[in-house]
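K.L.:
Residue numbers (this note's numbering), protein chains in the order written: chain A, 1 to 441; chain B, 1 to 330.
Take these hints with a grain of salt, some might be off.
Which residues of chain A face chain B? A partial, calculated answer using Cβ under 7 Å [said to hold, decoys possible]:
no.	residue
1	Ser111
2	Ser113
3	Asn116
4	Lys184
5	Lys185
6	Ser261
7	Glu266
8	Pro269
9	Ala402
10	Lys405
11	Asp434
12	Asn437
13	Leu439
14	Gly440
To be clear, the hints were calculated from the coordinates, so they are not data collected in a lab. Given the structure is predicted, the values throughout are model-derived calculations rather than measurements. From the three backbone atoms N, C-alpha and C, an ideal C-beta is built for every residue, glycine too.
Okay, here's what each chain looks like letter by letter:
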Amino acid sequence: MKKAPMAVVLGLATVLSVSACTGTGSPTSGAAAPVSSNEKVTLTVWSNFADRELAGLGTTMAAFHKAHPNITIKNVGSQDDDKITQSIRGGTPPDVAISFTTDNIGQFCSSGSFQNLAPYLSRDKVDLSTIPKATKDYSSFKGTRCAMPLLADVDGLYYNKAMFDKAGISSPPKTISELTADAKKLTTYNADGTIKVAGFVPTPGFYENTVQALSPEFGAKWQNSAGKSSLAASPGWSEMLSWQKSLTDYYGQAKLTKFTSQAGQEYSPDNAFQAGKIAMIIDGEYRTAFIKAQAPNLDYGTAPFPVTDSHPELYGTAYTTGTIVGIPKGAKNAGAAWELIKYLTTDTKPLVSLANLLGNVPTSTVALTSPDLKLPKQFSTFLGLFAGGKLQSNPASSNGGAYIKIVEDFNLKYVTGRSSDLTSGLKSVDQQIDNTNSLGN
Amino acid sequence: MTVTVKTAAPRSSASSRSDAGRRRTRRRRRLTVLAFMSPWVVGLGLFFGYPLLATVSYSLTNFDLINSPTWAGFSNYVYMFSKDPLMWVSIENTAWLTVAVTIGRVGFGLLAALVLVKVKRGAGTFRTIFYLPALAPPVAAALSFVFILNPGTGPLNQVLALVGIQGPLWFNDPAFAKPSLTVMAMWTSGTIIVILLASLLDVPADLYEAASLDGAGAWNQFRHITLPSVAPVLTFAVVNSIIVGLQYFTEAVVAGSVASGSSNPAGSSLTLGYPDNSTLTFPMWLYEQAFHQFHMGYASAMATVLFVVSAVFTIVLVRRMRATGVGEEE
Chain A
1 MKKAPMAVVL GLATVLSVSA CTGTGSPTSG AAAPVSSNEK VTLTVWSNFA DRELAGLGTT
61 MAAFHKAHPN ITIKNVGSQD DDKITQSIRG GTPPDVAISF TTDNIGQFCS SGSFQNLAPY
121 LSRDKVDLST IPKATKDYSS FKGTRCAMPL LADVDGLYYN KAMFDKAGIS SPPKTISELT
181 ADAKKLTTYN ADGTIKVAGF VPTPGFYENT VQALSPEFGA KWQNSAGKSS LAASPGWSEM
241 LSWQKSLTDY YGQAKLTKFT SQAGQEYSPD NAFQAGKIAM IIDGEYRTAF IKAQAPNLDY
301 GTAPFPVTDS HPELYGTAYT TGTIVGIPKG AKNAGAAWEL IKYLTTDTKP LVSLANLLGN
361 VPTSTVALTS PDLKLPKQFS TFLGLFAGGK LQSNPASSNG GAYIKIVEDF NLKYVTGRSS
421 DLTSGLKSVD QQIDNTNSLG N
Chain B
1 MTVTVKTAAP RSSASSRSDA GRRRTRRRRR LTVLAFMSPW VVGLGLFFGY PLLATVSYSL
61 TNFDLINSPT WAGFSNYVYM FSKDPLMWVS IENTAWLTVA VTIGRVGFGL LAALVLVKVK
121 RGAGTFRTIF YLPALAPPVA AALSFVFILN PGTGPLNQVL ALVGIQGPLW FNDPAFAKPS
181 LTVMAMWTSG TIIVILLASL LDVPADLYEA ASLDGAGAWN QFRHITLPSV APVLTFAVVN
241 SIIVGLQYFT EAVVAGSVAS GSSNPAGSSL TLGYPDNSTL TFPMWLYEQA FHQFHMGYAS
301 AMATVLFVVS AVFTIVLVRR MRATGVGEEE
């Protein structure tokens, strides 16, 4: 009597397993034909842009509509990767999806949730040689190009010129030891001992202090040639974490935490650098647009971020990431979607237009030198970094960048003194990353 | 014999007709009951039975949310218990929160109800004030607490500083993050307070009068009259709080995200569990695995484990409730 219900349960589970295993189809292959000029099409474009930036994208796409009157564009903002994935699963994806994070590129390409663009690139003979290698890397995965880079972000050093002048510092630091010395010189305290102005905040995760952004300046490598995690074997990681910890200890961890807890939100006008509470930060080129809009009177400069003293030749290295655009699996108008993507990502005019409107780096070397680029003088640092040949990006993974959380967690744990053994800690991080990457394979 | 046969035949016929009639009546009654129960049965099958079986089924596969699942056997369970260190961290945090939230909510709820039951003037106002936080949306409550407990600008630390006490870092310190969440859970325990208050008001006053005449003090009255009288409701409050603890999610996600100062949206992988994964609960890690790391098969295995644990707790506590008479008609 007791066996019957169990048999029913197992039977149902088997049926469900079988039905679950046949629920979805295979990724689309081949290139959809372009729409003819007499065929009317409405393209839905999803992005996570909002307000000023969404309007900027709309302006650029309006020019495409003008050239292709039969293609109408519905510009939808505030759509993150979770919503994009949900829509693909639900069978109602947009025709064009713009993603803000490159962490998911591995999953987009390996799962087929973004269509392979190789047939389109091949058919239309698109030349990708004008796009830097790091930018190409973060928009493809293991040889599958399922997205195109729309605009790039490049990180560099922002410094408050007025504070530099007051402290008698004549030029931005080029090495980490110079950065540390300047940070100490620029730091001031309130009467009660709390930090009034921080020279540089080393706290992991604060604003753009991410492991991806800082590691290139230390020459830290993520993986070995076999594709396994190799943080413990790369001295750059130890150097980076030791430096962050020593600067944190200089301030005092509690004092620093109190200071960061009252710093304004990163993208608000209260941003601590814009508000004059931090003298130096690492940030992307987009900060110039925020400063222009929110703190136009700020006297600031930009420079490549300082590099580890043991490798001065790395100066000019910068972390890059950016916005990527692809055609989701199941898109209704893939042919027209590709036409728009090709226009936005390979045509110099819209690239320059978007760069001017959004304050990002255009992704082709041709657009970089366009006389039509109208950006603040501080922006030239980022254009130089992008063209400089020393760009770095972090590796793509099929599990949404799970390894970044593991590294960030350990980074914070070590810097705040909750882990003291750096070597074994990094080995443990490697083990965890390799374990995580093995899940589902 | 003949007579017997003759008389027996009609009797047998009548008896079989009567049996058939009874069977028909029984069948009709069963069908009627089933018809009345059918909405519930359909709902249970669709919204509980099917998802449960599907979850168990997916837990035996590799599934990235986009492509068809592939058979993985018990590898997700093996990984869970042998290779995923954050799984154990999340279990530890969930267990901590479940115990603390249960003790905090029930203890504070009982204390508040005992005070409220004594209040005569403005009783309605005080009861409303105590209940109101339960209506606060979890996101708003979490934002308010992060603001109040901000180590730099938060009013609580500023008041503590006035009396010479260096306030802790609250949500920014792994040692204080979970206690801060527990305080928040206590603040929103209005529902528990209301049901305990109703239960306390139901305790006959003559019991206290009799005990008082017998010389029983306040403690003895509480122990021998109040507690036994409200025991069934207390058991319900414990069950409810354990379920709240096991499912703890929204407040921890929002508090960790806001306290981290990150511009990433709440629920982002990098801020889940901030600081130092001290607020990472089992449901949060399950969510991260399913929707950010695209391991739906593994997340289903975690959900199955959570279901088993919740079911065990529920069975044990329901038995305990039955033993104390909760749900039994008097």
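K.L.:
Take the hints in turn and mark each one as holding or not.
P.N.:
Here is what the structure says about each hint:
1. Ser111: holds (4 Å)
2. Ser113: holds (5 Å)
3. Asn116: violated (14 Å)
4. Lys184: Check failed: Cβ of lysine 184(A) comes no nearer than 21 Å to chain B, outside 7 Å.
5. Lys185: Where the cut-off is 7 Å and the nearest Cβ of chain B is about 23 Å from lysine 185(A), the hint is violated.
6. Ser261: Because about 5 Å separates serine 261(A) from the closest Cβ in chain B, which is inside the 7 Å limit, the hint holds.
7. Glu266: holds (4 Å)
8. Pro269: violated (14 Å)
9. Ala402: This interface hint holds because 5 Å falls under the 7 Å limit.
10. Lys405: Interface hint status for lysine 405(A): holds (5 Å vs cutoff 7 Å).
11. Asp434: violated (10 Å)
12. Asn437: Constraint on asparagine 437(A) not satisfied, violated at 10 Å.
13. Leu439: holds (6 Å)
14. Gly440: holds (5 Å)
In this structure, the earlier hints numbered 3, 4, 5, 8, 11, 12 are contradicted, and the remaining ones agree with it.
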